[in-house]
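Numbering (UniProt numbering), first residue to last: 1 to 466.
Just so you know, these hints were derived from the structure itself, not from any lab. Just to be clear, a hint being listed does not mean it is correct.
Claimed, not checked - With beta-carbon atoms standing in for the labels, derived distance ranges:
1. Arg254 to Leu337: 18 to 28 Å
2. Ser338 to Gly129: 45 to 55 Å
3. Glu113 to Leu432: 21 to 31 Å
4. Lys304 to Tyr219: 20 to 30 Å
For glycine and all other residues, C-beta sits at the position ideal for the given N, C-alpha and C.
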Amino acid sequence: MIMHVTRRRGRPLLRQQQRSQSKSKAFFITVIVAVCSSLIAFYYFALTVVLFSYPVPNDSSLPSLKMAGKIDEGEQNVSDYAGWRQLVVNLARLPPASLLQTLQTEDPFGVREMEQKILQAEENLDASGGNALNNPRLLEGLFSCPTDRITLPDQRNHTLAAQLRRQLADAQTIPTDNSSMAFIFFQHLRKAGGTNFCTLAQANLPTAHVPSYYCMPDYYWKRKDSKGSHRPQACAGCLQQWSNEEILSNMRGRSHWIAGNEWDRFDATRYFELPAVFVTSFRRPLHRALSQFRFECVEDRGCKYKNITAWWEHRRDLYNVYTATFSDTPRMGRLALSQSSKDMEQGAQALGNALDTLLRYHLVLNMEWLAYAGKLVQSVLGFRDTSVLTRRVRPLISQHARQDGQDHNSGARGIAKASWLPEDYLSPQQYLVMSENLALDELLTDAAQRIFLERVVCHMDDHERR
Numbered sequence: 001m002i003m004h005v006t007r008r009r010g011r012p013l014l015r016q017q018q019r020s021q022s023k024s025k026a027f028f029i030t031v032i033v034a035v036c037s038s039l040i041a042f043y044y045f046a047l048t049v050v051l052f053s054y055p056v057p058n059d060s061s062l063p064s065l066k067m068a069g070k071i072d073e074g075e076q077n078v079s080d081y082a083g084w085r086q087l088v089v090n091l092a093r094l095p096p097a098s099l100l101q102t103l104q105t106e107d108p109f110g111v112r113e114m115e116q117k118i119l120q121a122e123e124n125l126d127a128s129g130g131n132a133l134n135n136p137r138l139l140e141g142l143f144s145c146p147t148d149r150i151t152l153p154d155q156r157n158h159t160l161a162a163q164l165r166r167q168l169a170d171a172q173t174i175p176t177d178n179s180s181m182a183f184i185f186f187q188h189l190r191k192a193g194g195t196n197f198c199t200l201a202q203a204n205l206p207t208a209h210v211p212s213y214y215c216m217p218d219y220y221w222k223r224k225d226s227k228g229s230h231r232p233q234a235c236a237g238c239l240q241q242w243s244n245e246e247i248l249s250n251m252r253g254r255s256h257w258i259a260g261n262e263w264d265r266f267d268a269t270r271y272f273e274l275p276a277v278f279v280t281s282f283r284r285p286l287h288r289a290l291s292q293f294r295f296e297c298v299e300d301r302g303c304k305y306k307n308i309t310a311w312w313e314h315r316r317d318l319y320n321v322y323t324a325t326f327s328d329t330p331r332m333g334r335l336a337l338s339q340s341s342k343d344m345e346q347g348a349q350a351l352g353n354a355l356d357t358l359l360r361y362h363l364v365l366n367m368e369w370l371a372y373a374g375k376l377v378q379s380v381l382g383f384r385d386t387s388v389l390t391r392r393v394r395p396l397i398s399q400h401a402r403q404d405g406q407d408h409n410s411g412a413r414g415i416a417k418a419s420w421l422p423e424d425y426l427s428p429q430q431y432l433v434m435s436e437n438l439a440l441d442e443l444l445t446d447a448a449q450r451i452f453l454e455r456v457v458c459h460m461d462d463h464e465r466r
């Protein structure tokens, strides 16, 4: 018998259908992947367009939203002082190295780039035979009055500034009524232009109204108590030991129109109650510290250290000294060295308080830019002779003369030439250590320079006097 085997055609057909379905699935997956890839590509393309089409701030504007986003995910409104203050506090919360990096690369106050522009402008003027000295127009050509100003709203007491100007204008013709006398309270940051400002005051205030010892009247003050009349301590520029009533009584009793406070912090809770016009002068923190070491130690003025590393380790009272001074915060040296979140937050709040104080000062000068402060000084204080701002004034220079050819202040370039550069003098390790110990002061100095620039180019004080 012949057996016929009938071939079943179902299985080949099934395998063919399975292969067809597999191809369909593969095609479907390919389509999905292609669509997703296209969507992702379109998203990044759109994002790039948005980022590059976003208006770029000009040189005098606020920090970019991208920079602010690194610090605070919330919306950062920096159109006035409240927004600036929040930005500053957020910056101060960064670790010192990150803060310094942000100030250098982001330049949130616009002052780092401005500094380079001023140096270049001075170099160009020197090459062409021009003169940059005491010329605020030079600054106006480099820094436009911004709409987003740290100095608004203006927090200064203009009534007291007007009173001081009237006193000065009437001093030669009308007897001074000490009962309504205003005076200059100068917060002296050591090696940051204090002697220069005292010399400026001596050139403009009547001689009888200027304390003979470096504009520091308290050196001669005595206190009457159960011990009799005595000097509590032989200290000049140490005002915290005196109450407001004692300060005012001594100032009016001796008809002194200026009081320098060099060694004590500024107590904002009571000093702003004095009938005073408040003035201070800043300098780049690392340059200031190195200048103090040079002045006190290298030039033998009472310092036993000749090695700056040992000196800096010993002088922890100088760590973030600007912030400590204007926030009246003790032990800033400990905070500067601490990495705990609690201490870093305390440092950030101290920085915010220091900025609050600084905005109430009538005049915030910058040693590097003193040559451009003449018109501002005239407008605020009523001083007529501002030529001192273009001269180099050095305390106790007869003890250790410097032959550096920098007896005149020729602008920011001249200040740089007369100073020891930290980058050249310090070892890389010591430069890093000192920079981080002064990180909050670098932030406050940037803010101080911004305040100075705004008040110069926006003619705020000219407007107030009209």
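Where does the structure disagree with the numbered hints, that is, which hint numbers, in rising order?
-> 1
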